[in-house]
Amino acid sequence: MKWQHALKDYQLYLKIERGLSQNSIDSYSTDIQKLIAFLEENNINSSPISVTSEVVQQFIYETAKHVNARSQSRMISGLRSFFNYLVFEDYRKKNPLELIESPKIGRKLPDTLSEDEIDKLINAIDLSTPQGERNRAILETLYGCGLRVSELVNLKLSDLFFDEGFIKVTGKGDKQRFVPIVAVTQKYINIYRKEVRNHINIQAGFEDTLFLNRRGKQLTRAMIFTIIKQLAEKVGLKKNISPHTFRHSFATHLLQNNADLRSIQLMLGHESITTTEIYVHLDKGHLADVVEKYHPRK
-3 MKWQHALKDY QLYLKIERGL SQNSIDSYST DIQKLIAFLE ENNINSSPIS VTSEVVQQFI
57 YETAKHVNAR SQSRMISGLR SFFNYLVFED YRKKNPLELI ESPKIGRKLP DTLSEDEIDK
117 LINAIDLSTP QGERNRAILE TLYGCGLRVS ELVNLKLSDL FFDEGFIKVT GKGDKQRFVP
177 IVAVTQKYIN IYRKEVRNHI NIQAGFEDTL FLNRRGKQLT RAMIFTIIKQ LAEKVGLKKN
237 ISPHTFRHSF ATHLLQNNAD LRSIQLMLGH ESITTTEIYV HLDKGHLADV VEKYHPRK
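Position 240 of the sequence shown, counted from 1, bears residue number 236 in this note's numbering, the numbering being contiguous throughout.
Simulated from the structure, these hints should not be mistaken for laboratory data.
Treat each hint with caution, since some may be false.
Claimed, not checked - Straight line, CA to CA, 27 Å or less: simulated DSSO-like cross-link-like pairs of lysine-lysine: (1) Lys90 x Lys(-2); (2) Lys235 x Lys225; (3) Lys225 x Lys116; (4) Lys(-2) x Lys89.
Please read all numbers here as calculations on a predicted model, not as lab measurements.
Produce the entire structure from the sequences given, and follow the hints as far as they go.
Dropping the structure here:
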(Lines of atoms letter the chains of each structure in order from A and count residues from 1; the text may use other names and numbers.)
(Lines give C-alpha, C1' and ligand atoms only; values in the text may rest on other atoms or scores of the structure.)
Protein backbone atom coordinates (compact mmCIF):
# COMPACT_ATOMS: atom_id res chain seq x y z
CA MET A 1 0.00 0.00 0.00
CA LYS A 2 1.36 3.42 -1.01
CA TRP A 3 1.18 6.44 1.29
CA GLN A 4 -1.05 8.57 -0.95
CA HIS A 5 -3.50 5.68 -1.40
CA ALA A 6 -3.65 5.15 2.38
CA LEU A 7 -4.10 8.89 2.94
CA LYS A 8 -7.01 9.12 0.47
CA ASP A 9 -8.74 6.14 2.10
CA TYR A 10 -8.26 7.72 5.52
CA GLN A 11 -9.61 11.09 4.35
CA LEU A 12 -12.71 9.34 3.00
CA TYR A 13 -13.15 7.57 6.35
CA LEU A 14 -12.87 10.88 8.24
CA LYS A 15 -15.44 12.50 5.97
CA ILE A 16 -18.04 9.75 5.66
CA GLU A 17 -17.77 7.68 8.83
CA ARG A 18 -16.62 10.32 11.32
CA GLY A 19 -18.43 13.25 9.70
CA LEU A 20 -15.52 15.66 10.14
CA SER A 21 -15.38 19.05 8.43
CA GLN A 22 -12.94 19.70 5.59
CA ASN A 23 -10.85 21.89 7.91
CA SER A 24 -10.45 19.00 10.38
CA ILE A 25 -9.65 16.55 7.57
CA ASP A 26 -6.99 18.94 6.23
CA SER A 27 -5.46 19.23 9.70
CA TYR A 28 -5.21 15.43 10.10
CA SER A 29 -3.81 15.11 6.57
CA THR A 30 -1.08 17.68 7.20
CA ASP A 31 0.45 15.52 9.96
CA ILE A 32 0.61 12.48 7.67
CA GLN A 33 2.05 14.51 4.79
CA LYS A 34 4.80 15.78 7.08
CA LEU A 35 5.70 12.18 7.96
CA ILE A 36 5.74 11.25 4.25
CA ALA A 37 8.04 14.22 3.51
CA PHE A 38 10.35 13.18 6.35
CA LEU A 39 10.66 9.64 4.95
CA GLU A 40 11.42 10.95 1.46
CA GLU A 41 14.00 13.48 2.70
CA ASN A 42 15.81 10.78 4.66
CA ASN A 43 15.54 8.10 1.95
CA ILE A 44 13.60 5.80 4.27
CA ASN A 45 11.76 3.30 2.10
CA SER A 46 8.85 2.45 4.40
CA SER A 47 5.19 2.02 3.48
CA PRO A 48 2.24 2.78 5.79
CA ILE A 49 2.19 -0.95 6.55
CA SER A 50 5.91 -1.43 7.21
CA VAL A 51 6.96 1.84 8.89
CA THR A 52 8.31 1.07 12.36
CA SER A 53 7.83 2.67 15.75
CA GLU A 54 11.51 3.68 15.75
CA VAL A 55 11.15 5.60 12.47
CA VAL A 56 7.99 7.36 13.63
CA GLN A 57 9.69 8.22 16.92
CA GLN A 58 12.65 9.67 15.02
CA PHE A 59 10.25 11.82 12.97
CA ILE A 60 8.51 13.10 16.12
CA TYR A 61 11.87 13.84 17.77
CA GLU A 62 13.05 15.88 14.76
CA THR A 63 9.74 17.74 14.47
CA ALA A 64 9.67 18.52 18.20
CA LYS A 65 12.71 20.77 17.75
CA HIS A 66 10.61 23.21 15.75
CA VAL A 67 7.16 23.13 17.41
CA ASN A 68 5.79 23.69 20.91
CA ALA A 69 4.45 20.95 23.16
CA ARG A 70 0.83 21.62 22.23
CA SER A 71 1.52 21.31 18.49
CA GLN A 72 3.59 18.18 19.11
CA SER A 73 0.78 16.62 21.14
CA ARG A 74 -1.75 17.40 18.40
CA MET A 75 0.54 15.86 15.75
CA ILE A 76 1.02 12.66 17.76
CA SER A 77 -2.75 12.43 18.23
CA GLY A 78 -3.30 12.86 14.49
CA LEU A 79 -0.76 10.18 13.55
CA ARG A 80 -2.11 7.81 16.17
CA SER A 81 -5.59 8.20 14.68
CA PHE A 82 -4.27 7.43 11.17
CA PHE A 83 -2.49 4.26 12.24
CA ASN A 84 -5.46 3.18 14.35
CA TYR A 85 -7.48 3.36 11.14
CA LEU A 86 -4.93 1.12 9.37
CA VAL A 87 -5.08 -1.39 12.24
CA PHE A 88 -8.88 -1.30 12.17
CA GLU A 89 -8.84 -2.04 8.42
CA ASP A 90 -6.38 -4.95 9.00
CA TYR A 91 -3.56 -3.31 7.05
CA ARG A 92 -1.34 -3.39 10.14
CA LYS A 93 -1.13 -5.54 13.24
CA LYS A 94 0.02 -2.79 15.62
CA ASN A 95 0.00 0.99 15.86
CA PRO A 96 3.62 2.27 15.77
CA LEU A 97 2.62 5.06 18.18
CA GLU A 98 1.33 2.59 20.75
CA LEU A 99 4.17 3.27 23.20
CA ILE A 100 4.82 6.90 22.24
CA GLU A 101 3.53 9.32 24.86
CA SER A 102 2.32 12.82 24.13
CA PRO A 103 4.07 15.63 26.02
CA LYS A 104 2.24 16.79 29.11
CA ILE A 105 0.64 20.16 28.56
CA GLY A 106 -1.44 22.31 30.82
CA ARG A 107 -5.00 22.97 29.81
CA LYS A 108 -5.01 26.26 27.92
CA LEU A 109 -7.78 28.55 29.03
CA PRO A 110 -9.30 30.63 26.26
CA ASP A 111 -8.76 34.38 26.17
CA THR A 112 -11.89 36.40 26.83
CA LEU A 113 -13.03 39.99 26.57
CA SER A 114 -14.92 41.95 29.17
CA GLU A 115 -18.25 43.51 28.26
CA ASP A 116 -16.55 46.93 28.24
CA GLU A 117 -13.85 45.69 25.83
CA ILE A 118 -16.47 44.28 23.49
CA ASP A 119 -18.35 47.60 23.57
CA LYS A 120 -15.11 49.50 22.80
CA LEU A 121 -14.38 47.30 19.79
CA ILE A 122 -17.89 47.63 18.38
CA ASN A 123 -18.01 51.38 19.06
CA ALA A 124 -14.72 51.80 17.19
CA ILE A 125 -16.28 50.63 13.92
CA ASP A 126 -16.56 53.39 11.31
CA LEU A 127 -20.28 53.38 10.49
CA SER A 128 -19.90 56.00 7.75
CA THR A 129 -19.04 53.21 5.29
CA PRO A 130 -21.21 50.28 4.15
CA GLN A 131 -18.53 47.91 5.44
CA GLY A 132 -18.93 49.48 8.88
CA GLU A 133 -22.58 48.47 9.14
CA ARG A 134 -21.67 44.99 7.97
CA ASN A 135 -18.78 44.68 10.44
CA ARG A 136 -20.99 45.79 13.34
CA ALA A 137 -23.53 43.10 12.42
CA ILE A 138 -20.70 40.54 12.18
CA LEU A 139 -19.31 41.30 15.66
CA GLU A 140 -22.77 41.44 17.21
CA THR A 141 -23.53 38.02 15.69
CA LEU A 142 -20.21 36.46 16.76
CA TYR A 143 -20.71 37.61 20.34
CA GLY A 144 -24.52 37.44 20.50
CA CYS A 145 -24.74 33.86 19.22
CA GLY A 146 -21.33 32.41 20.16
CA LEU A 147 -20.52 31.28 16.61
CA ARG A 148 -17.35 29.79 15.20
CA VAL A 149 -15.89 31.90 12.37
CA SER A 150 -16.68 29.14 9.84
CA GLU A 151 -20.29 29.11 11.04
CA LEU A 152 -20.51 32.88 10.66
CA VAL A 153 -19.20 33.09 7.09
CA ASN A 154 -21.49 30.23 6.02
CA LEU A 155 -24.62 31.72 7.61
CA LYS A 156 -27.52 31.98 5.13
CA LEU A 157 -30.53 34.27 4.89
CA SER A 158 -32.62 31.10 4.98
CA ASP A 159 -31.03 30.27 8.37
CA LEU A 160 -32.59 33.34 10.01
CA PHE A 161 -35.80 32.68 11.94
CA PHE A 162 -36.19 36.05 13.61
CA ASP A 163 -39.92 35.71 14.31
CA GLU A 164 -39.15 32.60 16.37
CA GLY A 165 -36.00 34.20 17.88
CA PHE A 166 -33.52 31.64 16.51
CA ILE A 167 -30.91 31.14 13.81
CA LYS A 168 -30.00 27.76 12.32
CA VAL A 169 -26.26 27.10 12.52
CA THR A 170 -24.33 24.44 10.62
CA GLY A 171 -21.37 23.42 12.75
CA LYS A 172 -18.59 20.83 12.70
CA GLY A 173 -19.40 17.69 10.74
CA ASP A 174 -22.37 19.50 9.16
CA LYS A 175 -24.28 19.10 12.42
CA GLN A 176 -27.08 21.65 12.70
CA ARG A 177 -28.36 23.40 15.80
CA PHE A 178 -30.73 26.25 16.60
CA VAL A 179 -29.25 29.14 18.58
CA PRO A 180 -31.30 31.92 20.21
CA ILE A 181 -30.68 35.39 18.78
CA VAL A 182 -31.47 38.44 20.90
CA ALA A 183 -33.33 41.50 19.62
CA VAL A 184 -30.27 43.77 19.48
CA THR A 185 -28.39 41.33 17.22
CA GLN A 186 -31.45 40.98 15.01
CA LYS A 187 -31.65 44.77 14.78
CA TYR A 188 -28.07 45.19 13.49
CA ILE A 189 -28.43 42.32 11.01
CA ASN A 190 -31.60 43.90 9.66
CA ILE A 191 -29.89 47.31 9.32
CA TYR A 192 -27.06 45.66 7.38
CA ARG A 193 -29.49 43.77 5.14
CA LYS A 194 -31.60 46.84 4.37
CA GLU A 195 -28.93 49.54 4.07
CA VAL A 196 -25.97 47.58 2.71
CA ARG A 197 -26.65 44.09 1.44
CA ASN A 198 -29.67 45.08 -0.67
CA HIS A 199 -27.44 47.48 -2.62
CA ILE A 200 -24.65 45.00 -3.44
CA ASN A 201 -24.31 43.40 -6.85
CA ILE A 202 -24.55 39.83 -5.57
CA GLN A 203 -22.67 37.21 -7.58
CA ALA A 204 -24.31 33.98 -8.74
CA GLY A 205 -24.23 31.30 -6.07
CA PHE A 206 -24.14 33.76 -3.15
CA GLU A 207 -27.75 34.98 -3.24
CA ASP A 208 -28.52 33.24 0.08
CA THR A 209 -25.21 34.09 1.84
CA LEU A 210 -25.76 36.62 4.65
CA PHE A 211 -22.41 38.40 4.99
CA LEU A 212 -20.85 39.47 1.67
CA ASN A 213 -17.77 41.36 0.57
CA ARG A 214 -17.85 44.40 -1.73
CA ARG A 215 -17.81 42.15 -4.80
CA GLY A 216 -20.94 40.32 -3.71
CA LYS A 217 -19.21 37.10 -2.65
CA GLN A 218 -18.93 35.24 0.66
CA LEU A 219 -16.44 36.66 3.15
CA THR A 220 -13.39 34.55 3.94
CA ARG A 221 -12.39 33.45 7.43
CA ALA A 222 -9.17 35.46 7.01
CA MET A 223 -11.17 38.63 6.37
CA ILE A 224 -13.01 38.25 9.68
CA PHE A 225 -9.65 37.87 11.47
CA THR A 226 -8.38 41.02 9.74
CA ILE A 227 -11.44 43.07 10.72
CA ILE A 228 -11.02 42.13 14.38
CA LYS A 229 -7.24 42.64 14.45
CA GLN A 230 -7.60 46.13 12.96
CA LEU A 231 -10.24 47.10 15.51
CA ALA A 232 -8.07 45.82 18.37
CA GLU A 233 -5.18 47.98 17.13
CA LYS A 234 -7.50 50.96 16.75
CA VAL A 235 -8.64 50.86 20.41
CA GLY A 236 -5.17 49.90 21.72
CA LEU A 237 -6.28 46.50 23.01
CA LYS A 238 -3.19 44.53 24.04
CA LYS A 239 -4.86 41.11 24.10
CA ASN A 240 -4.23 38.71 21.23
CA ILE A 241 -7.80 38.26 20.03
CA SER A 242 -9.52 36.45 17.16
CA PRO A 243 -13.11 35.67 16.12
CA HIS A 244 -13.02 32.75 18.57
CA THR A 245 -12.44 35.20 21.42
CA PHE A 246 -16.00 36.47 20.97
CA ARG A 247 -17.30 32.90 21.19
CA HIS A 248 -15.33 32.31 24.40
CA SER A 249 -16.61 35.60 25.81
CA PHE A 250 -20.19 34.66 24.96
CA ALA A 251 -19.89 31.41 26.93
CA THR A 252 -18.02 32.97 29.85
CA HIS A 253 -20.49 35.82 30.29
CA LEU A 254 -23.42 33.40 30.19
CA LEU A 255 -21.81 31.31 32.91
CA GLN A 256 -21.08 34.39 35.01
CA ASN A 257 -24.76 35.28 34.79
CA ASN A 258 -25.78 31.85 36.11
CA ALA A 259 -26.58 30.04 32.85
CA ASP A 260 -26.22 26.27 33.23
CA LEU A 261 -23.46 24.36 31.43
CA ARG A 262 -25.87 22.11 29.54
CA SER A 263 -27.59 25.11 27.91
CA ILE A 264 -24.21 26.64 27.01
CA GLN A 265 -23.11 23.30 25.53
CA LEU A 266 -26.17 23.18 23.26
CA MET A 267 -25.73 26.78 22.10
CA LEU A 268 -22.02 26.30 21.35
CA GLY A 269 -22.61 22.99 19.59
CA HIS A 270 -20.13 21.06 21.74
CA GLU A 271 -20.53 17.33 21.29
CA SER A 272 -19.24 16.66 24.81
CA ILE A 273 -20.00 18.55 28.01
CA THR A 274 -16.32 18.17 28.97
CA THR A 275 -15.41 20.65 26.20
CA THR A 276 -17.81 23.19 27.69
CA GLU A 277 -16.45 22.63 31.19
CA ILE A 278 -13.29 24.60 30.34
CA TYR A 279 -15.33 27.75 31.00
CA VAL A 280 -15.83 26.66 34.61
CA HIS A 281 -12.10 27.27 35.14
CA LEU A 282 -12.28 30.86 33.96
CA ASP A 283 -14.00 32.37 36.95
CA LYS A 284 -13.42 30.50 40.19
CA GLY A 285 -14.57 33.54 42.14
CA HIS A 286 -17.96 33.33 40.47
CA LEU A 287 -18.22 29.62 41.33
CA ALA A 288 -17.38 30.35 44.97
CA ASP A 289 -20.19 32.92 45.02
CA VAL A 290 -22.60 30.34 43.59
CA VAL A 291 -21.73 27.83 46.32
CA GLU A 292 -22.03 30.54 48.97
CA LYS A 293 -25.44 31.56 47.68
CA TYR A 294 -27.05 28.19 46.89
CA HIS A 295 -25.43 25.50 49.04
CA PRO A 296 -27.80 24.29 51.80
CA ARG A 297 -25.03 24.29 54.42
CA LYS A 298 -23.65 27.74 53.66
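Evaluation of the provided hints:
1. Lys90 x Lys(-2): holds (18 Å)
2. Lys235 x Lys225: Judged against 27 Å, a Cα distance of about 10 Å means the pair holds.
3. Lys225 x Lys116: Cα-Cα ~13 Å, so holds.
4. Lys(-2) x Lys89: Holds - the C-alpha atoms of Lys89 and Lys(-2) are around 17 Å apart, at most 27 Å.
In this structure, none of the earlier numbered hints is contradicted; all agree with it.
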